[in-house]
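Residue numbers (the working numbering), protein chains in the order written: chain A, 550 to 1314; chain B, 894 to 1215.
Bear in mind the hints are in silico, worked out from the structure with no lab data behind them. Backbone N, C-alpha and C fix where the C-beta goes; we use that ideal spot for every residue, glycine too. Treat the hints loosely; a few may be bogus.
As the list claims (entries may be wrong) - What the simulated footprint calls covered on chain A by chain B, stretch by stretch (three residues with Cβ under 8 Å from a Cβ of chain B suffice, anywhere in the stretch; the number is not a length):
no. : stretch
1   : 1050-1059
2   : 1177-1190
3   : 1213-1225
4   : 1231-1237
5   : 1298-1310
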Amino acid sequence: MPKLIKSEINVEGRITEEYAVVDGDELAAWGENEELAIVGQPAPRIDGAAKTTGEARFSYDVQLPGMLYAKVLRSPHPNARVLRVDASRAEQLPGVVVVLTHETAPDIKVREGKLPLLPEDARFAGELVAAVAATDPDIAADALALIEVEYETLPFITDFTLALEGSAPKVRPNGNVVSQPSVTERGDLKAGLAVADVRVELTVRTPTAVHNALETHGCVAAWEGDQLTMYESSQHVYGVRTFAAKKLGLPVSKVRAIGTYMGGGFGAKFPGQPYSMVAATLAKRSRRPVHLMYDREGENLESGYRGASVQHVKLGAKRDGSLTAIELDGLTECGSYANWVVSLGGPYAMMYTCPNVKLTTTGVHTNIGPFQAFRAPGFVEGMVGLEQGMDLLAEKLGMDPLELRRRNLAKLDQSEDKPFSSFPVEECYRRGAEAIGWNKRKPTNDQSRSSERLRRGTGMASQIWWGGGGPPAYAEVQLNGDGTATVLTGAQDLGTGARTIFAQVAAEELGLELGSVGVTIGDTYAGPFGPASGGSVTTGSMTPAVRSAANDLRVQLCSIVAQLEDVPEEELEVRGGTVYRRDTPVSSVKSIMRKLGDVMLIGKGSRGPNPSDVSVVTSGAQFAEVEVDTVTGRVRVIKIVAAHDSGRIVNPQTFTSQIQGGIIQGLGLALTEQRVIDHRAGQILNPNLEWYKLPTVADIPEIVNLLIDIPDTKANSLGSKGAGEPGIIPTAAAIANAVANALGVRIFELPITPARVLEALETIA
Amino acid sequence: MKNFTHIDAQSIEHTIPLLDYYARPLAGGTDLIPLMREGVWQPDRLVNLKPLADLHFLREAGDGLHIGALTTLDELDRSPLVRERYQALAEAAHSAASPQLRNMATLGGNLLQQVRCWYYRGPFNCWMKGGDHCPARSGENEHHAVFDQSPCVAVYPSDPPAALITLDASIRIVGPDGARSVKVADFLAPPDELHRVMHGLGLNELITEIVVPHTTARSLYLKAMDRAVWAYALVSVAVAGEVANGTITNPRIVLGAVANVPVRLGAVEALIDGQLLTDELIKEAGTMATHGMEPLAHNHYKLPLARNLVRQALRDLTGQRM
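Given these sequences and hints, build the entire structure.
Okay, structure coming up:
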């Protein structure tokens, strides 16, 4: 019987409690010594060939008969009121079908759930002012140039570090503080600092980092009568359906959302952004499908970023290294609109045992496009502050930095006063230290006197994050007439390999070969509800649902075989595509299904409830070895060793890809990526990939990903947790610590560019 | 992008009369097309030079190396001849852009590359685009000039020309009045009020070839970037000289990405010419390389970088390892 429960939903650290309906009986978790044939084995992506051959169709690739192409007109001003829009010349351009302005836009509220689709108040350079749908993208672009807009320009502020000063122009009527600052407090901070034998104080800055997913934001909207299909590059296909239905006043049954393949999201592609409603409106008015995908500039101006941060940090410890106090006073850049503020304090609150803590994060509005969640939002930035502080503390204590961390590792979830379901960080430290050669690391203080051109250094940082997932999450598995199976769910694969691990879990549970299992996902008309892919929850939420559905199907299959062959059901099992009675083969699944003709067996499953007595987290550490060229100032990362606990590893190959991807983005934040703004003009100077410098293949070091692979049997029936975010959390902090170790001087502002290295070297020359 | 017509060139003679402010020559298109997309340039006509086989060659003659203007950076990088005798040029070509861009970009076009300044390429009516001031001068100028040569503080972006100046190369140009030859060092010049480009090519002229005189000098090119590959230089240096027993003669040293044009370091050359390159002298040469530099608010690092690169280049040229 289905059971109604309340469950915590955690999307990128935003926790809400919501209802979930789950199976009455949760499957027992696969144990640590469970003999599994397919789960735990490396498997190439089942969609790898389709992607490499170009056969896989992304939202960008969707082509429909009669389809129009849309382009958007963006405000050139960082803060302006739109006084008048004259689209008449654009409308007369041959090929232009519809022009949408604030005067003609429907009454649909988008940003923060309350602001108009095309606002009269443009609060950042790049804000949508108008949109055109035309028969070809070049005509649409030409039409934009014919739209005359009269603006009243207003004072603006784009520097978040100055936006809280009294004289700063107000971005929003209530001022530039996003909401009440988030404060996490336990114990008595002052007392904790007072009893410390050693204290360190530091100010750390992290840059604005843009997701720059290879596939830009956008969708194709197509109406058939009163039914809408949205092909959207989204991290939550079911959320696209909910959002569109709500905003357009449609029954959810009339909205189909499709996102079968996706070129990256990294947190910036949750539903609810204006472009999808612009596309749906243009499609409705033109009665033709509309393709609206942003260009790279639009992606950089409007589609989100990891806000820059400034973190003032104080740490206190006893002579033996035990932490007595942690204080964080942090600012985070939020841009013009925000529903929430990232928590810079997360790692400070969770990673180490400390009785006296006060962590404040203040979100700041500026006249820049809104930030969006970006792969472990807040935690990446927070680790950069916390872990540099820990290294400084270790230096002051004359203690090995790894030893200091060992002594302080959290023993339980201090916010909820609950034990962790699993927290094998010591194991990650031990194996990581061994793989990087930590015992050969030179003390930081010796390095500033070196006259070597190339200086090597080693550093590390720890990781903590959620990622256990939870209900509601549903899947179905169908057994077809030829003995193959199809997994169906509305969950999506952002490019992580989710599709492949769903097939592995179903094949394992059903006793089929991996090649006999197909997966249909990312379509609300094809599969049941799947959760948003954010917060590293897809594995932990969905694989138990898939296993549950496959188990339901397997039970049905055994029951049918028992009836067909007149054998006792409880003695039957399925292995390698064959049904066995004890150890004697009865029949292959294929021949059973052939006998049954058009019969289809359908298994249904859902994710069970989370445990209430333990806290489920992912954890780990990374170790970085760098080489700094003192001639050019460039930091080259030689090697990163990663050791992360994500519970049972379903597929070591896709798991390692996730960790590698996280490390590469973390390396970008550490060394090359930063948005540059001219604050006098309120303009982003590098909304492109020429001056927003992503790491290239040549910048990527040797990455050693150690498989910790300890099933978290209390977490869910797979014992698996997410891997999307853990990989990026410690990277920048570990690299910053390695650079400090190499140079004997610390650079407190990321990215650690050649300019900053050369300037730092001049100070010690 | 504004509509334009596309004409295939028949011959050099046929092309010259077609060219003017509104009709631009198209070679690799790696700079021209993005400039048109960004609306910085809006020509009515493009004259496609690629059919002109007589602009596409690489050969050595008695007086040196002749490089057709349509020779791609990739061809320069891969030429055993260039790699062996004109190392600085091969290294500079190799260090530029990405393989995809080097496959398309031509040496002739590379000499004419417009500045990559983010104000010039962005929504600013800057001085180089006809405006009345340079927003980079007091703005975000970490990639900008440390020598004040004109109202514009953008740096000349291309890599190979610094190497060409070090190798004393010339450019052959054809125009309505026939052919002329000019040293690369003279061809590149800071912009002025009436001439807001950094080169001396007329609107109705074409670069036909680049000639690098025969040399026995060793040469090399070092480029500092803020990632491993595919970036414009933070600072670069091209050096050449005859080296024997640790002594250098006829040195030529050119810095890139420090000014509107590559900067030849005459005083440093004079300091070391005919001298034994001791560690002390190399250090002094590096220090002298920064003389006259006036950093802007965000590019102080270019001074130690230029100093370090000059020292490193001299060490590498004489086979010394630091």
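Now the hints, each set against the structure:
Taking a C-beta to C-beta cut-off of 8 Å, the stretch 1050-1059 of chain A contributes 0 residues in contact with chain B, too few for the three needed, and the coverage statement is violated. Counting residues of the stretch 1177-1190 of chain A whose CB lies closer than 8 Å to any CB of chain B gives 6, which reaches the minimum of 3, so the coverage claim holds. Judged by the Cβ-Cβ criterion of 8 Å, the stretch 1213-1225 of chain A is covered by chain B as claimed, because 3 of its residues qualify and three suffice. Here's how the stretch 1231-1237 of chain A fares: 3 of its residues keep a CB closer than 8 Å to some CB of chain B, so the rule of at least three is met and the hint holds.
Proximity of the stretch 1298-1310 of chain A to chain B, defined as three or more residues with a beta carbon under 8 Å from a beta carbon of that chain, is established by the 7 residues found.
Hint 1 from the earlier list is the only one contradicted by this structure; the remaining hints agree with it.
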